[in-house]
Amino acid sequence: MPSLLRKTQLKFSNVKWLWKNYNVSKDSLVYVDEISRGVNV
1 MPSLLRKTQL KFSNVKWLWK NYNVSKDSLV YVDEISRGVN V
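For the sequence shown, the working numbering begins at 1 and goes up steadily by one.
Worth flagging that the hints you see were computed from the coordinates, not collected in a lab. Values in this document were obtained by computation on a predicted structure and should not be read as measured data. Where a beta carbon is used, it is the ideal one built from N, C-alpha and C, also for glycine. Relax, there's no trap hidden among the hints.
So the derived label-pair ranges between C-beta atoms look like this: (1) Leu5 / Val39: 42 to 48 Å; (2) Val32 / Lys11: 23 to 29 Å; (3) Glu34 / Leu5: 40 to 46 Å; (4) Leu4 / Ile35: 35 to 41 Å; (5) Gly38 / Arg6: 38 to 44 Å.
Subject to a maximum C-alpha distance of 25 Å in a straight line, what follows is the list of computed SDA-like cross-link-like pairs (lysine to any residue): (6) Lys16 / Tyr31; (7) Lys20 / Thr8; (8) Lys20 / Val30; (9) Lys16 / Leu4; (10) Lys11 / Lys26; (11) Lys7 / Lys20.
All chains should be built: construct the whole structure from the sequences, respecting the hints.
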């Protein structure tokens with residue numbers, strides 16, 4: 001049970017980190033998407 005709680009806390013902290021870095025990752029994802037699209041086309 002404690003391990004499950006720890007996993008949940010870990011997931012929650014990951015979600016907070018992702019949310020905090022959402023704008024940065026969004027910009028970089030768009031950047032990567034544009035690059036891959038340029039390579040594919």
